[in-house]
Structure formats: C-alpha cells, structure tokens
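Protein chains: 4
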Amino acid sequence: MPTTGERTRSKRWILRWKGHARKWLLQIKRSNLQWRTAQERGTRKSFIHKGSFHEAVAPVLAVAQCFCLMPVLGIGGSSVRSLHFTRKSWRFWYSCLYLCSTTLDLMFSIRKVSHGGLDVRSVEPIVFHVSILIASWHFLHLANLWPGLMRHWAAVEKRLPRYGSYMERSHPVRRIRLVAFLLLSLSLMEHLLSIIAVVYYDFCPRRRDPVESYLRGTSLHLFEVFAYSNWLGWLGKLQNVLLTFGWSYMDIFLMIIGMGLSEMLARLNRSLKRHVRHPMPEEYWTWSRTLYRSIVELIREVDDAISGIMLISFGSNLYFICLQLLKSINTMPSSAHAVYFYFSLCFLLSRSSMVLLLVSTINDRAREPLQLLRLIPSEAYHQPEVTRFAAELASDQVALTGAKFFNVTRRLFLAMAGTVATYELVLIQFHEDKKSWTCSVETFD
Amino acid sequence: MPTTGERTRSKRWILRWKGHARKWLLQIKRSNLQWRTAQERGTRKSFIHKGSFHEAVAPVLAVAQCFCLMPVLGIGGSSVRSLHFTRKSWRFWYSCLYLCSTTLDLMFSIRKVSHGGLDVRSVEPIVFHVSILIASWHFLHLANLWPGLMRHWAAVEKRLPRYGSYMERSHPVRRIRLVAFLLLSLSLMEHLLSIIAVVYYDFCPRRRDPVESYLRGTSLHLFEVFAYSNWLGWLGKLQNVLLTFGWSYMDIFLMIIGMGLSEMLARLNRSLKRHVRHPMPEEYWTWSRTLYRSIVELIREVDDAISGIMLISFGSNLYFICLQLLKSINTMPSSAHAVYFYFSLCFLLSRSSMVLLLVSTINDRAREPLQLLRLIPSEAYHQPEVTRFAAELASDQVALTGAKFFNVTRRLFLAMAGTVATYELVLIQFHEDKKSWTCSVETFD
Amino acid sequence: MPTTGERTRSKRWILRWKGHARKWLLQIKRSNLQWRTAQERGTRKSFIHKGSFHEAVAPVLAVAQCFCLMPVLGIGGSSVRSLHFTRKSWRFWYSCLYLCSTTLDLMFSIRKVSHGGLDVRSVEPIVFHVSILIASWHFLHLANLWPGLMRHWAAVEKRLPRYGSYMERSHPVRRIRLVAFLLLSLSLMEHLLSIIAVVYYDFCPRRRDPVESYLRGTSLHLFEVFAYSNWLGWLGKLQNVLLTFGWSYMDIFLMIIGMGLSEMLARLNRSLKRHVRHPMPEEYWTWSRTLYRSIVELIREVDDAISGIMLISFGSNLYFICLQLLKSINTMPSSAHAVYFYFSLCFLLSRSSMVLLLVSTINDRAREPLQLLRLIPSEAYHQPEVTRFAAELASDQVALTGAKFFNVTRRLFLAMAGTVATYELVLIQFHEDKKSWTCSVETFD
Amino acid sequence: MPTTGERTRSKRWILRWKGHARKWLLQIKRSNLQWRTAQERGTRKSFIHKGSFHEAVAPVLAVAQCFCLMPVLGIGGSSVRSLHFTRKSWRFWYSCLYLCSTTLDLMFSIRKVSHGGLDVRSVEPIVFHVSILIASWHFLHLANLWPGLMRHWAAVEKRLPRYGSYMERSHPVRRIRLVAFLLLSLSLMEHLLSIIAVVYYDFCPRRRDPVESYLRGTSLHLFEVFAYSNWLGWLGKLQNVLLTFGWSYMDIFLMIIGMGLSEMLARLNRSLKRHVRHPMPEEYWTWSRTLYRSIVELIREVDDAISGIMLISFGSNLYFICLQLLKSINTMPSSAHAVYFYFSLCFLLSRSSMVLLLVSTINDRAREPLQLLRLIPSEAYHQPEVTRFAAELASDQVALTGAKFFNVTRRLFLAMAGTVATYELVLIQFHEDKKSWTCSVETFD
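As they're listed, the protein sequences go chains E, W, Z and X. With our numbering as the guide, the letters of the first sequence map in order to residues 18 to 462. With our numbering as the guide, the letters of the second sequence map in order to residues 18 to 462. With our numbering as the guide, the letters of the third sequence map in order to residues 18 to 462. With our numbering as the guide, the letters of the fourth sequence map in order to residues 18 to 462.
There could be a bad hint or two in this list.
Remember, identical chains collapse to one label, so a pair may be satisfied in a single copy or spanning two.
Said to hold, decoys possible - Using 30 Å as the maximum straight-line C-alpha spacing, the simulated DSS-like pairs for lysine-lysine come out as follows:
no., residue 1, residue 2
1, Lys-175, Lys-28
2, Lys-40, Lys-290
3, Lys-129, Lys-254
4, Lys-290, Lys-175
5, Lys-175, Lys-40
6, Lys-254, Lys-105
7, Lys-254, Lys-344
8, Lys-175, Lys-35
9, Lys-290, Lys-35
10, Lys-46, Lys-28
It is worth saying that the hints were derived from the structure and are not from the lab. Source: prediction; values computed, not measured.
For reference, chain E alone in the conformation it holds in the complex:
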C-alpha cells in the first residue's frame, strides 16, 4: 500500500523503465535486422546450429525417405526456400510404389484372415496394415504441404526473441536429433530381437532350413496363394521391415513436431518471464500478443496437416497395447520369447507415453503466459492490450488434436492409462480367482 511519496517514486520508476523498455525494443528490432542480414550472407556451415526447426528435422526426414515416406525435395537445403514437392521426382514414385505394394499386401492379409474366423485377435494384421497404409497416404499428402508449412514456420521463427547463447541455440536441435535416433535405434533393436526370438527358438518350424522357415512364417499370407520361392520371401520380408519402420516413424515424427512447436512457445515464455514484473510499454504487449497469436495460427495449420496421423498413431498404439496385454496372460513358449515380448511391450508403452507427453507439452507451454500475466504489477496492467491478451488466453485451448476428436493434453494420459488399467484388471480377474490365501509351504522339512 504505497503512500503518496511512494507513488511519485513509482511513477518516476515507471518512466525510467519505459525508457529502458523502449531501448530494449529497438535493440530487438536492430538485432533481428542484423540476424536476417547475417542469414542472407552466411554459408551452409554457419547455419548448422542456428536452431531452426528446418535444419533440425532434415536428417530425420532423410531417414524417412529411405523408407519411402515424405517424398519432399530439398530437405538438406540451407533455407526453407529450397524445399519443394513435385510429382516428377523418383522419391514420389518410390512412395507410390510403396503404397501399392502395401495395398497388395493388405489384400493378401484380408484373404488369409477371412478364411480363418473373423475376431478381434485375428484382425491384428489387418489393423496393422490399414493403419500404416492410411498413415503413408497422409505422409504423401503432408509432403505436398510441407514446403508451405515450413515457410510459415520459418517466418514465425524469425519473429521470436533471439537465443542468449550458442549453447542455448543449439540445444533444441540436439534434443530433437537425440530423441529421433534413440527411438530409431530402439525400434531397430526390437525388430532384431523379434527375428532372434523367431529364428533361434522356433518352436514349430515350418521347414528344416531356418531361413526358409523364417521367411515363410513372416509372409504366411503370401505363401497361401503362391508357391514358396526365395525371392518372394525376401520381398515379403522387405515389405515387413518397411511396415515396421513406418509404424514406429509415425510416433517419432509426432514427437519431433511436438518438440518443435513447444520450443517456440517456450522461447516466448522466457521473454515474458524476464519482462513481466516490470512495467512495459503497450508496444511490448502488442508484440507478444501477436507473436503468441501467430504461433497459435501455426499450430492450427500444423494440426490440420497432421491430425490424421495423430489419430491413427494413438488409436493403433492403444489397440496394440491392449492386444499385448491380452497376450501377456499366456505362458511364453521360451525365455527368448519372454525377453522379446516384455522388451516389445515396454518399448510400446514408453513410445506411446513419450508421444503423448511431448505433444502435450504444447498445451502446457501455451497455458503458461496466462500465469505470467497475473504477475504484472497494477500500474502496468490496465492497458487495453494486456487485458485483451489475458482474455484471449483465458478462453483459448491450444493443443494438437487427433482429427479434432480429442485434444492432446496431459489429462489424456490419465484417461488412456485408466482405460488400459481397467481392461487389464478385468482381464486378470478371470485368471486369478483360485490363487489367494493358499499356503505355499516350500521350505518345511
């Protein structure tokens, strides 16, 4: 409760601060200008750690292109202007070929399944194929949108406050690449383990030759129609590897998008956190509000492009988790199978959780500014721009969605965990009635 003396002092303080703040804004402008000039003059080398999302994501997209996804050109270029999409590239036709072969594979699977009984367990290969097919189609469509999307992204990135240091600047890039390659390696490891489990501990061999037996087992749905031949077996295996990678890649891609978008919000929040306790001129608030708005617009545009992939990723993860839990109540034929099974289950669970947590960070970061605005001192709060910013933040819900059906927030984690746990409990119930309170005398003599 300031006295009159305090009040004049505080006014003087505000004036001084406003001066400082105006200088700060000029500095931002000037440094942004310098930045852009530097950018135009720089060579490729100097950009490696400039922290742009386009550069961070390049190797991840390159890997995807090896596996027939995202056929966009110019991903290695130093600026977003090099990105383009054309139907006249071999990458596009490579992806189309992949789509065709997957469709074919799917048809053979449907044929096989419909000959057996049609139930939830047996539709596993159909769900697997269909979800990857739709996702691949989405990735092809996304490749078309990607150049425009990245240009919008780069335009928003340029307006963000600059990083303080080289370390800070290169941190998000390194983080994105680390997550991507960690996940890719684990995915590879899981696939190798599955081969080991099947080849070396084959409990019902189909042929004496282990390679033939393995290839036959992998593509049973093909060899019900065609006679066995080695090249068809290897082709089926190749298709299987591509599908498995495609399935993991969905999640990896979503994680990276989530990290990229939440980093932008985090940079804005850091700026707000620094300035929020001091009276700032209205221009600062206009700047931060419009910046926030343009990030939100970008998030919505990204969401329109990837929310289909999101829905498929979440849906298929949930389905496979439930299916694995259903299998977990059976005894394993060998310990190699047990190791593979539990590794695979853990990998699936942690990958699904990571997607959810990394994508939901966007929502967490987007709600932070509202808390920060609460800390603005009274004398600086009652500006129309601050009131507008606060009102907009209070009624906004910013998050990536699953085809607009659900928002990806931390709350979703609990809902999904709850669903899985309920299912697991019901499942256990049918196997557990007789075991309790019995005396297990083991060492009595």
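Take the given structure of chain E and dock chains W, Z and X to it, following the hints.
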C-alpha cells in the same frame, strides 16, 4: 511497433478503410433489397437453386410423407408462406393411422416377448417399436411446428451475406439432396439384402411356400394370435417396411438439419474471414453479432423441436450397434447371412457416425468466429461491440442436444466410440482365452 | 446500421423507455409495499394460495412428522415467524426414539449378516439401514436449521417480482403438493404390493399361520435372537414401515426443494424476458443482479443444509438399481412376485430420474439469464452493471450438490444412466452367449 | 434503487468508510511491524503456538527422520533460517543407506516373483517396493528443496492478516499435529495387528519356533537365497517396518501440506468475508489480490516439489484398494485374519479418502474468493483492481496435482470411488449368480 509516422499513416488508412467498409455495408443493404424484390417477382423456376433451406429440404420431406411422417402441407411451394399444418388433411390422418397400427404392432410384440423370457436380447423388437413410435409422434408434433420454424429460418437466411456465385449458391442444396438420397438408397439396399438373406437361404423354413414362410417369419408376433392369411402377412410386411424406413429416416432428417444450420454459420464465418484483418466500423460488428445471435436463437428453437428425436436416434443407434456386436461373435448360418450381417453393421456404424459428425459441425462452425476475432488488429479491437462479441463467444456453448442431456459435439464421438470399444473388448475377452500362442502348422509336410 | 437520423430517434426512444422503466420500478416498489401490508393484515385463509414455499411445503412436512422425521414446530403457521425448533417438544423425542430403534435394528441386521457370508448382495439390509439412519440424523439436524432457512427463503421470496394472476400464483403450490402426494401414494402402493407378493404367494412358508409367517419373515434378524412373540413381530413391522417411508421421503423432500428453488429463478427469468429487449435504466440491472445473487446465496445455504441427504439419496438409489438389475436375471418364483418386482423396479427408476430432473432444473434455470442478456440491444448493453452481471453469470456454476462431490445437473443423468447401462450389459453378457441365431421352429407341422 | 438523496448519503458513507479502511490498513501495517519485532525478540518458548507452519510440522518431520526420510537439518529451530540441507550430515547418509537397502530388497523380491508366474497379484511386493523406493528418493530430493520452500512459505505467512486470538492462532498447529499422530498410531496398530494375525494364528507354520517361523515368512524372498539366520531375519523385519512406515508417511505428509496451504487461503478468505460488503479503497484490493497471487505462487512451488509423491501415493493407494477388494471375496482362514483384514481395508480406505479430502480443500478454499467478490456493492465494484481480481479468479484452477496429470479436487473423489465401485461390481458378479431367490428355511420345525 509503429513510430509516430507510421501511426498517422495507419490512421489515414483506417479512415480510408472505414469509408470502404461503409460503402460495403450500403452495398449489402442495396443488394439485399434487390434480392428481396427479385424474390417477390420471380417465378418458381428461378428459385430452384436460390439456396434456401426450404427448397432444399422439400423432396426429402415429400419422401417422408410417402412413409406417413411429417404431415405438413405446402412443402413444394416456392416460399415458406405456403407451408401450413391442419388436422383436416388426409396426410394428418394417414400419420395417425400409422401411429395406431404401430401401437397395435407393438402390443403384439410385447405379448410375444413376455411369453418368452424377458432379457436384453429378446427386448430388441420392443426397443425397435417403441423408439420408432416415439419418433413418429415427435415427427407429428414437429409437423405442427414446422411452418413457424421455417418462417423463422427463412427470416434469418435473408439476413445472411449473399453468396458470391451461382455455383456457390446451389452447392448446399445439392449437398443436402445428395446425402439424403444416398442414405435412402443404402437403406433400401440393406432391406433388400435382408429379404434375400432370409428368402433364398432360409435355414429353418416354417412353410414349404417360400413367400408364405417369409411373411410368416416377418410377422411371427401376429401369427401367434391370428391364423395365417395372406393379406395379414402382406399387411405385416408393409408395417415392417414403414418401420424400417422410419428408423433410417430419423437419422437422415437429423443430418439434413445439421447441414442446414452449419451452412448458415459457415456463411457468416466466410464474411468474417474476409473482413477481420481490416479495421471495420462498429456497425459491421453490431451487424455480425446480432446475425450470429439470431442464428443461435434459431438453433435453440430447432433444438427445442427436434432434441427428442435426437435422443431417440442416438440411443437406439447405440443399442443396435452393441446388439449387432453381440451377434457378431456367433458363426453365421450361411455366407448370404454373413454378407447381409456385415453390410448391415457397416451401414449402421457409418450412418450413426455421419449423423454425429454432420450435427456436430454446428458446434465447430459456431466456435470459429472466436478464433477469427483474435486476428482483429489492435487499432480496431477496442470497440465495445467487438469486446461484447468476443465475451459472448467465449462463454457460449452452441450445439444441438439430445433432450438437453448431452451436447452433440465431436467429443461425443470419442465417448461413444469408447463405450462401444470397451464393450467389444469385454465381449471378446470371453471368447479369446484359449487361442493365443498355439502353433498353427498348416504347410508342414 | 442506424444513420444519424435513426440515432437521434433511438435516443429519444431510450429516454421515453427510461421514463417508462422508472415508473415500472416505482410500481414494483409500491405493489411490494401493498403486498406486505396485506400480508400482515390477512387471515390464514387468504394465504392458502399466496404461493409462498412455506405454505406449500407444510402438509408434506406434516406427513413426514407422522413418520418421525423433521421435528420442527409451527409448520402450519401462517408465516415463517411461527417456525421454531426446541428439544422440549414430544416431536423431537419421538424422532430420537426412532433413531435409537433404527440403530438397534441395524445392530441386529449386522449380527445376522456377519453370521452368513459377507458379500455385496448380503449387505443389502445394512446399506438400507445405514443410509436411512444417516438420512434421519440429517433430517433431525435440518429441523434445527429449518426456521432460519425458511426465514431467509421468505425474505428472498418477498423481493421477487409479483405473479400476474391468481392462477399463476397458486400453480407452483399445487404442483409441489401434487408431486408429493403422487409419490407418497405410489410408495404406499409398492409397499402393499410387496405384502401381497409375500403373504399370498409365500413359496417357502415359515409357519402355518400366514400372519405369523409374514411377520417372522419381515424381522428374521430379530427372531434369530429372541423367541417369536406377536407384539415383537408387529413392532418389527412398524419399524420396517417407518424405514420404507423414510427411504422414499428422502427423494420426495429433495424434489420439493428443487421445485421451490427453480420456481424462484423462473420468476426472475420471466421478468428478464419481458424487459431484456428494451433499454432499461441501470437500476433495473442492479435490482436483477442483486436479486439473482440473493437467490444463489439461498441456494448455497440450502445446499449446505441438505447436500448430505442428496449424497445418500443418489448413492442408495444407484446401489438399489444395480441390485435390482442383478436380481432381474433370475426367474421369478410366481407371477405375483414378477408383478411386484417390475413395479418396484419401475418405481425406483422413475423416482430416481424425477429427483435428478427436478433438482437439476435449478441449474437449467440459473443458466437462462446469460442467454437473455445476449439479447440486450447495443445501446443498452454497455452499462457497468450489465457487464458485471454477464461476467458473473458466465463463470458461475449454480446447482445443488451431493456433499460437494458432484453438481446435480442434467449431465449427471447421462453419467448415471451410462453407469447402469454398462453394468447391465456386462451382466447380460454372462447369460446370453448361447441363445443367438438358433432356429426357434414353433409352428412347423 | 437509490434516489439522489440516498446517493449523496451513500457517497458520504463511502468516504467515511474509506477513512475507516485506511485506518484499518495502517493498523495492519503497524501490528505486522510489532509482530515482527516481537518475533525477533522472543525466546523459543513464546513461539510454540505462534501458528507458523514451520513449527507445526517440526515434530512430524522429526518422526520421519527416525525412519530415514527427509534428512533436513534444523527442523527444531525457532525460525526458518535455521533450516539447511547438507550432504555432510549423518541423516543424509542414513537416508542413502536406506535407499540402498530398499533397492537390494527390491531385487530379491523381483527374483522371487519372476521365478513364480508373473501376474498382477504376484507383483504386489514389487509395486510396494518400487513405489516406496521412488517416494523415498523424492523425499531425499525434497529435503534439498525444503529450506528454500519453507523460507518462501514463511515470507507469505508474514503477509497474511493476523489471527484474532490466541486460541485461533494455535488451532491449525494443534489440528496438524493431531491428524499426524492419529494416523501414525493407527498405522502402528495396523502393523501390530498384522503381526498378531500371523504369529498367533499361523495356519501353515514354516518352523516350529514361532519367532523363526514369523521372521522367515516376513522375508521369504531373502531366505530363498541365503540360509536362515536370526540376525538376517531381524534385519529383514526392520526393513519391512521401515517400508510400512514409509508407505503410510507419504499420505500423512501430503495431508499436512494440504492443511497448511488451505489454512493460508482460509485466513485470506476470513479477511475478505469481513470487508467485502463495504466499499474498500483500491489499495485493499491490490493488497488482497497480490496476497492471493503469492499464495498461489507458493502452491505452485510446493506442487513442483511434491507432485511426484502425490502421483505415487494416489496410484499405490488405488492399486492396493483394488487388490484388497480382490482378496475380500475369499474366505478368511481365521477370525484373527478377518479382523486384521477388515481393519486394514478400512484404514486404507479412510486414509486414502482423508488425503484426497484434505488436499482438495486447497481447491475449495481457492475458489471461495470469487463467490465473495460477487457480494461487493455496485458502488465499490467498478475499480480496475476488483475487475482484475475477479477475472483472474474466474479463469484460474488452483490445486495440487499428481505430476500435473490430474488436479486434486473433490471431483476426483467421485471418479476414484466410481472406478473402485465398478471394479467391485464386476468382481461380485462372478460370485453371485446362484444365490438369489433361494428359500433359506432356518427355523421351520
């Protein structure tokens, strides 16, 4: 952050824009006037594609009247003024007769069911009859409200911004008719398939004559009371056809209402999207706010009239989906039955999803203006009308409801899908325990 | 979009309207004064239909006192000032005696149950006794609060706008009494049916004398301890009647409170609906805002007093519905049992739904003013009082609660119905697997 | 609706009130000053009941340190400045030792479980060990943060309005200690009961010596690896006691934090309740808003520190409740086991409910100011600070969270109770089908 020079320039720009905007408003007024004059002078022909909901819905209502629903007069008239409802028309008495015969049919069904054991599976015909009976009663009541409702609708439609081109204008009408007749044809096809499945692959024939056997099977509840006679059999079949159509028509009607209402909001949104980034005079905002408000009022009025039908439609769809899934775990007696069964299940699932998605579009469209208001530039935002519009949008929840018990939004889809999936999983659980990890040697020799 | 000419006209209109409105406010004041004078002079007769909640509820409380609940004095008095609570009245001691005997009865029940196996079905009498015991204790506590509560209620009622006509005024009173006595009669009928089902179709008689056999069956938990004697049998039956009534009365009482509170909000809404489209002076908005606030304060006070009863009522209803559904899958020993069972189930379901719907009306009515404020014309909206009223309405959630754990709104209905339906579906699942797609040849010859 | 005469009177009244209010603010300042002076001069004795959270929590932390948790130094000091954390204290190493031995114990448990079949029931010891291990690690980390946290807490506490009397001041301290020691005693009692149940009614003794048999049973996982020796048995028992205490302590700690934080909000609310109906100067509102904000900031800081413990506590409680209910459907080997089992179940249920209710009080208290602001009279409401306070309160959600996944509010109680009840109902369903409507003739002769 504009300097003083920029500010004067921006002011001049605003003034120029305000001039433009005022001209635009005058133009709207004038064109609306022309429109109305044209409307009064025009012949029936010139209206076919004027895009009014009344004209779009006319053939759909005409079909309904063939099946004893919605006995309102003047649906083919060129303007809403021709609509009226009277008890002295044969259509009204035709509907009443239908209600009576359905009630009678229901009673015979109850008699039959109560003689067997009373459980959830066996109450299927009762649920079917009761839901259609209540819906028919609702349609009769709705026919009474329809003329007033359509007049209100037409009044709001007149206030909407005009379409840009002939194509744009005729698009919603064609879309509504396409959806309606697609659904009607699929419904017809499903009914024919059911006849084929029963007649040609009758696995337990009741009589040697296939027609008699079929008619007897359709109206078992009648022939437990009365001796068999051909005319009664055909009467029972007619009643069965009317019921089946009524059941599908509920959903079709709701889809059309959903499309009509969301189109109105979409037209307002298109206007907002064009003007939102430029400073507009306060009159523009008053105009758009009151227009939005009158659409919302119309939505509430429509909701009061049809929310009962909505509840019955959603409830019965959910019940029949669960019931079909319950049946799906049994083996089919013949492949004709299997084809019919899976076609019927897919039709049911896609029809239910379509109702939900088309009706929930209203909610999506109604939330869009809030996002658009965020884009208004600072110098144009701080007008009382804009603030009021934003505050009202932030706290409003606009959607059709199921008897006020639930709002029909995209989120509901997930909730319903979750319920069905949980049920399906529990169901599978009791049939799946023994099948896993067994070696299925098929090609070993 | 008004021109300048229109604007001056609208201003003149506003001024004229403000004059009218001020006159209206004076009229309200004057008529309220007359009302109060009349009230003080009137005899009991003239108040019978004055529409106060105190008078409406009097006969319902009188019935409750016959069954040892709500021992408050002066409920028949013409004004709320006659209400008081004292420990020196026989009604208080009568209630205490009832609490003691119920506690005793509960102990015998616990003794009986713990001798059998302890499971969810067998704890039915314990749940029944405990829920009524707690509710009775709550009613005793409520009797203490009742005089203060009713005085607050009457004070708020006096501030409400007057009814238009005698009919309108007496309508809520008649509605409250109708609901109460309808429910009481149905409850009585259900109890008589239960006696008939047991006495006349006793499928395992305990004694040859039907009266003895019946009394013995009613109080099995007593006659396991004491030898049979007629007077103890009749005492046990009396206790049983009192418990059954207490259980129904909980729901009836909650319905009446719900109707009373929502009627107050409805009266305010009617006044708002009349005046909202015209520019009203700021005093009108202060008046309606403070009136709304005082109704909300009253609702909170009532909620503090009865939310315990609400929780017990909803919990026990849900428990008994699930239990009845569990029983419903067994075959009935006789058709008298079947009639009683389905009547009892329907009564339970409809009573539970009615409580929920009538109490949730409060929430519906409390959200209506927000919609009405939307219709205020621009020139009248930008007054501080209207803005304040709108902001408070947008962030308020007004509803009675179940011990603050849940708000009683229409949405709760769906949640509860969903819970019951899920339970029912799981339940059916275990009894339905074999019955489908079998050919039921009945008339083949 | 005040006339002009009333208005001048009300203005005079406001002026007089403002004078009073200003005096009141000066008084607060002065008394706060006196308070601080007194605090600096006082001896330890005089602080015992000064009502600071630091003093209230001291004995509870002391008990925790006996059981190797929270190794922070200076908890008995008279002021928060005495608190510090160092790695060079024996308490820190004692905690580390405990972490190591728990890890070792966990490994032996995993070894034992993996030799048996891996299912949900058998993983009980693993869940128990892992949850306590993570919680202990969290407590060690919390000990590091504790001095800073308590200094922040004390700083906020100093800004709160003073208590009215000595009684009021000492009440929260006594309440905190009462709850803590009640819970600790019950926890001890439950452990003793478990020993009695096992030792005296050992239904399958492993050795003739009851002590050896008991120790062997407690640490079965150790004696599968090592030969039996008395000192190892006692060590295993010690570890078991520490684990059991750690498990209960989590909940007790959370309760105390919940009580401390909600008491702060309650003190602010009491001040608001006193002043809200009178026009107060803007300074008062700035004071209460910033005070509220600083409490919220403290709550967020506390939440960051303890939300991990919260998640583990809620998760493990839910798991163990479901597990106990699963066990409850088996018959008990002896009545000693039954007594222990039901005591243990009740203790678990009531402890879990208490944590939830006490922690959710924070949320209830934090929403109260919004209701109080509604009561501000018109002439005092339209100050920018009041509007800001109201807008912030309307859009804030203040609550402790479980690792940000869920907010701990009263609504959570219903969700958890619902989950447990659903599980229980499904469980009962499989054991109840045959028992209904059978005639249990017991006294017929």
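Evaluated hints:
no. : hint              : result
1   : Lys-175 / Lys-28  : between (34 Å within a copy, 27 Å between copies)
2   : Lys-40 / Lys-290  : within (18 Å within a copy, 36 Å between copies)
3   : Lys-129 / Lys-254 : within (17 Å within a copy, 40 Å between copies)
4   : Lys-290 / Lys-175 : both (20 Å within a copy, 26 Å between copies)
5   : Lys-175 / Lys-40  : within (20 Å within a copy, 38 Å between copies)
6   : Lys-254 / Lys-105 : within (29 Å within a copy, 59 Å between copies)
7   : Lys-254 / Lys-344 : within (24 Å within a copy, 37 Å between copies)
8   : Lys-175 / Lys-35  : within (25 Å within a copy, 32 Å between copies)
9   : Lys-290 / Lys-35  : within (17 Å within a copy, 36 Å between copies)
10  : Lys-46 / Lys-28   : both (27 Å within a copy, 23 Å between copies)
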